Amino acid sequence: MGNQPFVKMTAIEKAFAGNQVLKKVDFDVQPGEVHALMGENGAGKSTLIKVLTGIHQRDGGTIEVKGEEKTYSNPKEAEKDGIVVIHQELNIIPHLTVSENMFLGKEKTLGRTGILKKKEMYQETLDHLERLGVTSIHPNETAGDLSVGKQQMIEIARAISTNAEMIIMDEPTAALTDREIESLFKVIESLRKQNVSIVYISHRMEEIFQICDRITVLRDGEYIGTEQVKETDFESVVKMMVGRELGERFPARTSTVGDKVFEVKHLARDGWFEDVNFHVNQGEILGVAGLMGAGRTEIMEAIFGAVKKKQGEVLLDGEPLNIKHPRDAIQAGIGFITEDRKGEGLVLHLSIRENVALTNMKAISDNGWISSKREAELIDDLIGRLHVRTTGREQEVKSLSGGNQQKVVIAKWLGIKPRILILDEPTRGVDVGAKKEIYHIMNELTEQGVAIIMVSSELPEVLGVSDRIMVIHEGKVARILPREEATQEKIMQAATGGE
Amino acid sequence: MKQLVTNNLSKLGPLIGLILIMTILGFMSENFFTVNNLLNLLRQISINALIAFGMTFVILTGGIDLSVGSILAFGSALTAGMLASGMDPLLAVFIGLLAGLAMGAFNGLIITKGKVAPFIATLATMTIFRGATLVYTDGRPITGLSDSFAFEMIGRGYVFGIPFPGILMIIIFFILFLLLRKTVFGRQVYAVGGNEEASILSGIKADRVKIWVYSLTGMLSVLAGIILTSRLNSAQPTAGTMYELDAIAAVVLGGTSLAGGRGRIVGTLIGALIIGVLDNGLNLLNVSSFYQQIVKGGVILLAVLLDRRSK
Ligand SMILES: Nc1ncnc2c1ncn2[C@@H]1O[C@H](COP(=O)(O)OP(=O)(O)OP(=O)(O)O)[C@@H](O)[C@H]1O
Ligand SMILES: [Mg+2]
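Line by line, the protein sequences are chains Z and U.
Here the first sequence stands for residues 1 to 499, numbered as in our numbering.
Here the second sequence stands for residues 1 to 311, numbered as in our numbering.
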């Protein structure tokens, strides 16, 4: 490389309310390179991007784009210079068509009449998608009917339609299926060939080593260094991120598995899943694998009373439970950590305290009156145990980093001292260190006899932490395997409907 | 640091606005800052404040209640009717309040179980309850109520020189303040308005919370209606028309978000004071009621615009 960088950020500083989030961070991106931005949750990755594109204003440092010093006051201005961000929360309007979404805000019209040139927009949408090598999306389809992966393709197509020279992807693969990730990588490859720069933020190490050219690591808002991917390895990057050796990725399982405590019989819901049977033992972790859309989340929601089931029984200690509302499940001692922490797990503008208290009202109130003292004690204890990185229990969860938000969700459910804990994608968007902490917490819980059901789309994780593995295929239990017998191949085969 | 300051500033915004308006009015009319006038003001705002307190709960859950004025009218007429027939005043008031609770619960049921948008549901019941009032009263005021001391007290009485409705309003303010701040129910109100999905998955019966919130508003509206009835010593079938607007305005002026989940009842009290002070002050200044409306609307717009700015 060595030519002029497309973007060069030097000694960037940013503080929120006295909390220094970026401390003299340097970051540069060459034309046509895929550059990974890595760091633990809360390290400042998203903030750096927001400072670049003018969502936040920097306190210090300089930004050069193509050698010219720049300060953007909003993302629209950055877009004019060819810098586009695809945020983790997709900006797709579900009831509009693909091509309407593509041209949102920049519709092609006949002169100034406001009459839309639909044919032209249709054709251009097709062209852009083709440029990405995507042929399975039709411009007239309703965007909301498409899978998350395809919606993301629309966003990327929209980005290149503005002649973007740099596309920043903030955790793009968190909600994608393996196949979708593959096609995303192909797209990235072809963009690279067209000399477009990509900034890639992800907590999935495998991906980084697969597609990136360079890695820049931040830790606690500090710039740690930039490495060529070819000249480094997994361990050293982790060490740069956490500042110490992390050791084994998956801590050894330590609990002894006891008797059957929880059982699901003939659970069914029309169009979603049918005749689901399985059980979990005391102190056991049951991993649930399957492709995205196989019905794993829906099965868990039905057990928890969040959606109606058509038939089937849920038994605790051999006694059937009558669960009609999540409250019934909670009272029976079942906790449910949902996969969508922002949509279903948290009330974003409330504080950590108020969020964690929601599930723990019984413990902190008498006859409907909340005891502030007991509340504070409980919350402080939980955020201490989970090492939530925060300025205190009154911090809004919205301003926490993704991984710390996830810990707050876990804290909500630890408080109720569950006997059965269902975790749906518990480590999505969570950094390596925090992932390990979450596995530790799961281990500890099982030692106390809690039975855990963990749904996960990351096969290494399923294999690494489960005692038994259940594979779901198109709404049916395809296979249940003890950990010793399970392999990546066997699971994939069962998950895709093979024998 | 800067964020901390602006944060608190936006919380204090309504109060600063109130003080500003009061200062201006104080300079323009020497009668404004008299004890008499201020006590009068307290009495005047009590009706709107009570309704607005209920509205705060409703709006916190992400809803809206357009039927408060009609509930007020029906509750007043019902109570007045019972009084006129010689019923014990306290019993009549009690039954009236229960009727308010029931009308509110009806709103809540349509919204939750019937899954009708709050705006539409209460728009419909606004008409229904008004119609019911007209049927019940035959379209005529109910007069000749009761000469019971207790009933007169509600709207016209004074305790140590302070108007009783004002005292009542302040007591209820403190109760509701504690309800929102210190109880499980209060927490649930914020949670349901902030993220209904997440609160259901946390074991909160969101429907039940909403039904209670509308019931509470119904009851507070009738209480406001009873104060009005006692003051006028009669019930008008058209009473409370457009009251929902002043109530919503008070809530919004107080900084509560119409999107739900955010806001404080103290803000609503200040909002009700702002509206009351404007009405009162402009009257003192002999501004024609036509212009008064323009000024009031302008202040609301200005407040909301300033609020936007600070965010
Ligand atoms: N608007 C804000 N107000 C206050 N603090 C904030 C705000 N945005 C971010 N922070 C804080 O800045 C720090 C960095 O957050 P940032 O979102 O950049 O982390 P991240 O590296 O993207 O983490 P993750 O991998 O979890 O997404 C965190 O401690 C976070 O709490
Ligand atoms: Mg981030």
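Just so you know, these hints were derived from the structure itself, not from any lab.
Every value quoted in this text rests on a predicted model; they were computed, and no experiment measured them.
From the three backbone atoms N, C-alpha and C, an ideal C-beta is built for every residue, glycine too.
Check before you lean on any hint, since a few could be wrong.
[As the list claims (entries may be wrong)] Here are the simulated DSSO-like cross-link-like pairs (lysine-lysine), alpha carbons at most 30 Å apart as the crow flies:
id	chain 1	residue 1	chain 2	residue 2
1	U	Lys11	Z	Lys265
2	Z	Lys308	U	Lys113
3	U	Lys205	Z	Lys362
4	Z	Lys310	U	Lys205
5	Z	Lys308	U	Lys11
6	Z	Lys417	U	Lys182
7	Z	Lys308	U	Lys296
8	Z	Lys398	U	Lys296
9	U	Lys205	Z	Lys324
10	Z	Lys265	U	Lys205
11	U	Lys205	Z	Lys373
12	Z	Lys24	Z	Lys66
13	U	Lys113	Z	Lys373
14	Z	Lys373	U	Lys182
15	Z	Lys362	U	Lys182
16	U	Lys296	Z	Lys342
17	U	Lys11	Z	Lys310
18	U	Lys11	Z	Lys108
19	Z	Lys398	U	Lys182
[Said to hold, decoys possible] Okay, the calculated beta carbon distance ranges per label pair:
id	chain 1	residue 1	chain 2	residue 2	range
20	Z	Gly343	U	Thr127	14 to 22 Å
21	Z	Asp233	U	Lys11	27 to 35 Å
22	U	Ile162	Z	Trp369	47 to 55 Å
23	U	Leu98	Z	Asp275	34 to 42 Å
24	U	Thr23	Z	Lys118	54 to 62 Å
25	Z	Asn322	U	Ala84	27 to 35 Å
26	U	Gln293	Z	Ser371	31 to 39 Å
27	U	Ala259	Z	Lys118	51 to 59 Å
28	Z	Lys108	U	Ala259	57 to 65 Å
29	U	Arg156	Z	Trp369	29 to 37 Å
30	Z	His387	U	Asn40	14 to 22 Å
31	U	Ala259	Z	Gly449	41 to 49 Å
Hints and how they fare:
no.: 1; hint: U:Lys11 x Z:Lys265; result: 53 Å, violated
no.: 2; hint: Z:Lys308 x U:Lys113; result: 16 Å, holds
no.: 3; hint: U:Lys205 x Z:Lys362; result: 14 Å, holds
no.: 4; hint: Z:Lys310 x U:Lys205; result: 21 Å, holds
no.: 5; hint: Z:Lys308 x U:Lys11; result: 42 Å, violated
no.: 6; hint: Z:Lys417 x U:Lys182; result: 24 Å, holds
no.: 7; hint: Z:Lys308 x U:Lys296; result: 49 Å, violated
no.: 8; hint: Z:Lys398 x U:Lys296; result: 36 Å, violated
no.: 9; hint: U:Lys205 x Z:Lys324; result: 11 Å, holds
no.: 10; hint: Z:Lys265 x U:Lys205; result: 27 Å, holds
no.: 11; hint: U:Lys205 x Z:Lys373; result: 25 Å, holds
no.: 12; hint: Z:Lys24 x Z:Lys66; result: 21 Å, holds
no.: 13; hint: U:Lys113 x Z:Lys373; result: 37 Å, violated
no.: 14; hint: Z:Lys373 x U:Lys182; result: 12 Å, holds
no.: 15; hint: Z:Lys362 x U:Lys182; result: 14 Å, holds
no.: 16; hint: U:Lys296 x Z:Lys342; result: 39 Å, violated
no.: 17; hint: U:Lys11 x Z:Lys310; result: 49 Å, violated
no.: 18; hint: U:Lys11 x Z:Lys108; result: 44 Å, violated
no.: 19; hint: Z:Lys398 x U:Lys182; result: 23 Å, holds
no.: 20; hint: Z:Gly343 x U:Thr127: 14 to 22 Å; result: 36 Å, violated
no.: 21; hint: Z:Asp233 x U:Lys11: 27 to 35 Å; result: 51 Å, violated
no.: 22; hint: U:Ile162 x Z:Trp369: 47 to 55 Å; result: 29 Å, violated
no.: 23; hint: U:Leu98 x Z:Asp275: 34 to 42 Å; result: 50 Å, violated
no.: 24; hint: U:Thr23 x Z:Lys118: 54 to 62 Å; result: 58 Å, holds
no.: 25; hint: Z:Asn322 x U:Ala84: 27 to 35 Å; result: 51 Å, violated
no.: 26; hint: U:Gln293 x Z:Ser371: 31 to 39 Å; result: 48 Å, violated
no.: 27; hint: U:Ala259 x Z:Lys118: 51 to 59 Å; result: 34 Å, violated
no.: 28; hint: Z:Lys108 x U:Ala259: 57 to 65 Å; result: 33 Å, violated
no.: 29; hint: U:Arg156 x Z:Trp369: 29 to 37 Å; result: 36 Å, holds
no.: 30; hint: Z:His387 x U:Asn40: 14 to 22 Å; result: 58 Å, violated
no.: 31; hint: U:Ala259 x Z:Gly449: 41 to 49 Å; result: 43 Å, holds
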